[in-house]
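Protein sequences appear in the order of chains C and G.
According to our numbering, the first sequence is numbered sequentially starting from 145.
According to our numbering, the second sequence is numbered sequentially starting from 145.
One should not assume that every hint holds.
Treat identical chains as interchangeable: a pair holds within one or across any two.
As the list claims (entries may be wrong) - Straight-line alpha carbon distances no greater than 25 Å define the calculated PhoX-like cross-link-like pairs of lysine-lysine that follow:
{"hint": "1", "residue 1": "Lys356", "residue 2": "Lys292"}
{"hint": "2", "residue 1": "Lys497", "residue 2": "Lys476"}
{"hint": "3", "residue 1": "Lys489", "residue 2": "Lys180"}
{"hint": "4", "residue 1": "Lys476", "residue 2": "Lys372"}
{"hint": "5", "residue 1": "Lys406", "residue 2": "Lys373"}
{"hint": "6", "residue 1": "Lys216", "residue 2": "Lys356"}
{"hint": "7", "residue 1": "Lys489", "residue 2": "Lys476"}
{"hint": "8", "residue 1": "Lys492", "residue 2": "Lys372"}
{"hint": "9", "residue 1": "Lys497", "residue 2": "Lys466"}
{"hint": "10", "residue 1": "Lys372", "residue 2": "Lys426"}
{"hint": "11", "residue 1": "Lys190", "residue 2": "Lys329"}
{"hint": "12", "residue 1": "Lys492", "residue 2": "Lys160"}
{"hint": "13", "residue 1": "Lys455", "residue 2": "Lys173"}
{"hint": "14", "residue 1": "Lys329", "residue 2": "Lys466"}
To be clear, the hints were calculated from the coordinates, so they are not data collected in a lab.
Given the structure is predicted, the values throughout are model-derived calculations rather than measurements.
Listed below are the residues making up each chain.
There are 2 protein chains.
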Amino acid sequence: MLVNNQNYRTVWMQDKYVYLINQQLLPHKFGIYKSKDYIETANAIKTMIVRGAPAIGATGAYGVAQAALEFKGNNFEKFKKQIEKAEKTLKSTRPTANDLFYAIDFVKNKIMQNITIENAKKDSVKYANEYADWNVELCRKIGEHGNKLINQNQNILTHCNAGALACVDFGTALAPIRISHYNKKNLFVYVDETRPRNQGASLTAWELAQEKIPHAIIADNAAGFFMKKGKIDMIIVGADRIAMNGDVANKIGTYEKAVLAKENNLPFYVAAPLSTFDINSKTGEDIPIEERSSDEILYISGIDKNKKIRKIRIAPEESSAKNPAFDVTPAKYVSGIITERGIIKPMKDDIEKFVKGK
Amino acid sequence: MLVNNQNYRTVWMQDKYVYLINQQLLPHKFGIYKSKDYIETANAIKTMIVRGAPAIGATGAYGVAQAALEFKGNNFEKFKKQIEKAEKTLKSTRPTANDLFYAIDFVKNKIMQNITIENAKKDSVKYANEYADWNVELCRKIGEHGNKLINQNQNILTHCNAGALACVDFGTALAPIRISHYNKKNLFVYVDETRPRNQGASLTAWELAQEKIPHAIIADNAAGFFMKKGKIDMIIVGADRIAMNGDVANKIGTYEKAVLAKENNLPFYVAAPLSTFDINSKTGEDIPIEERSSDEILYISGIDKNKKIRKIRIAPEESSAKNPAFDVTPAKYVSGIITERGIIKPMKDDIEKFVKGK
């Protein structure tokens, strides 16, 4: 992605260092966090310097590579212990992140196929990079397939941040928008603020501003208004998990936008890699919904006029909040799912064909 | 309404002073603003110490009474000039507030029917109080009619603040909830945060907390989630203007909740006095929608840990916002309109019968 007219990934490695776009500071400041060892990298995941499942996965992979490079000595058993210790530390940072586990195991298993520590160290970096590159390619393909759905002069609504910052590059929902923009299509993006954590207003708007893609932030409440006024041509969102019948779990509010899209006869697309399909979830009913801290609703962060980051309370002391983090959008509201292998209809047979053929 | 277990109105008059619950400080601090003359009262309207059309109307009426009481001398022509000057000052504070104009004219016309200044002064206070009392009674009746729609053990969603703070007492959408609560019905209120100005999270939640009505603030994005989960039994909102076919203009996001209510087969009620019907608006198409400052989306206010009120920016410097303040909910989504004279179906014939018979 472009940041200050330079190309960046969300996470990368150079020598023994892991570099991360520091998402704690966004959208107010752009800074790179430089992690010198796997312990610091694990902490960066824990403290949400990096967030978004694919981005966390790649960071975990690089963390394993750091653990390998850090090792001093010739004892392969001790080297193995070091990798296992790093694995445990890195996996404990975000216990529900499937991509993190997958990425760490991928690099670890490649390392362990070696006989010499020297080769294992080389392989650790090679395969961590391979994981990151693979993820970039996945998102780029989602972008290419989604691009075919986007006509010239389109107004597109998106919700939350399914952008490059959540991945290694391109993003999922933002990938088709990026590729269409690179193809000189004239787009305007309506960015749902995405309360309570405001990933739309902070991260998505920031990414679009960096790439000079015309956009405006809107209150989540205003999405329906713009749909009804004919100001929105299509909706593209990401997904956290997709059931085998096409029900989509994604950031809270996605269901509202999907119902409104249907009511206004607008196409509603979900962009996600095939790995988002959960073969253990027959329908959306099987997907558990995380209830997060009410503080996310009662408090908010931003910068004051002196550019100092502040957290303030925006609700009465006596009131509490309910804060479901995700919702499930039934398949009947979804026009199609944009994957790295093409557009899937949100129907059992189509999904099984794609997912089992992956 | 109850505040700290004492009964308050949003605005009242004692001797020559007008007292207002200072809504600039809510929900973080409860304070009474004491205005010593009509100039200060006009400023209180302008600076939104008081907001909400009926509350502003009553405040304007009291402002005229202050202008009358302030007059010294025996020259009725000069007295008349003083009242006209006050009228102009008070009306200029919020140029689009119909209730304000109506209330000021009501008191002024009553005053002018007198021959002596002494009687005119007495009448000014009498009729300003009459205006306020009339508004309280209106809201109480809306509450009584709405109460009949609310069963025992109901979960009710409301949007924005159509509460006592917007009126003189009771509120419109909150009146049925209050009366049901006084009647020992076991209620739980889901309070839409109502971005961008957060009137739900700040004012509605504060009112409910003061009256000990069980409630939780939710992100506007979560209303659909709770409807789909069967956690919400009915929706009651207020209205800014209602067209003669039953289309309802209200705070941005109302349309979204109405569509979601229909999709989930839930009753969606609008509570508003008959004066909210606009005989010049045949349909919602005739109602202009105000576009407000994008700063309402880009910035937010709250209190820091030292209880100091702070305004912070929550979006990237490079991004802008679009901020329609209201939307129009087509009549087909509205189950009924709760007025002081009963429940009206949102249909041309029913509305005309009620409005012309008012």
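The hints, checked one at a time:
1. Proximity of lysine 356 and lysine 292 under a CA criterion of 25 Å is satisfied intra-copy only: 21 Å inside one chain copy versus 55 Å between copies.
2. Taking the shortest alpha-carbon separations for lysine 497 and lysine 476, only the intra-copy value of 19 Å comes in at or below 25 Å, while the best inter-copy value is 41 Å.
3. Taking the shortest alpha-carbon separations for lysine 489 and lysine 180, neither the intra-copy value of 45 Å nor the inter-copy value of 68 Å comes in at or below 25 Å.
4. For the homomeric pair lysine 476 and lysine 372, the shortest alpha-carbon distances inside one copy (20 Å) and between copies (14 Å) are both at most 25 Å.
5. For the homomeric pair lysine 406 and lysine 373, the shortest alpha-carbon distances inside one copy (14 Å) and between copies (19 Å) are both at most 25 Å.
6. In this homomeric assembly, lysine 216 and lysine 356 never come within 25 Å of each other (Cα to Cα): the closest approach is 46 Å inside a single copy and 64 Å across copies.
7. In the homo-oligomer, the alpha carbons of lysine 489 and lysine 476 lie at most 25 Å apart inside one protomer (10 Å), although the nearest pairing across protomers, at 31 Å, exceeds that limit.
8. Taking identical chains as interchangeable, the C-alpha atoms of lysine 492 and lysine 372 lie at most 25 Å apart only when they sit on different chains, with a minimum of 22 Å there against 31 Å within one chain.
9. Taking the shortest alpha-carbon separations for lysine 497 and lysine 466, neither the intra-copy value of 39 Å nor the inter-copy value of 42 Å comes in at or below 25 Å.
10. When the C-alpha separation of lysine 372 and lysine 426 is checked against a cutoff of 25 Å, the pair qualifies only between copies, where the shortest distance is 19 Å, while the shortest distance within a copy is 33 Å.
11. In the homo-oligomer, the alpha carbons of lysine 190 and lysine 329 never lie at most 25 Å apart, since the shortest distance is 39 Å inside one protomer and 46 Å across protomers.
12. In the homo-oligomer, the alpha carbons of lysine 492 and lysine 160 never lie at most 25 Å apart, since the shortest distance is 45 Å inside one protomer and 74 Å across protomers.
13. With identical chains, the CA atoms of lysine 455 and lysine 173 are at most 25 Å apart both within one copy (16 Å) and between copies (18 Å).
14. Taking identical chains as interchangeable, the C-alpha atoms of lysine 329 and lysine 466 lie at most 25 Å apart only when they sit on different chains, with a minimum of 22 Å there against 41 Å within one chain.
In the structure shown, a violation is registered for the earlier hints numbered 3, 6, 9, 11, 12, in ascending order.
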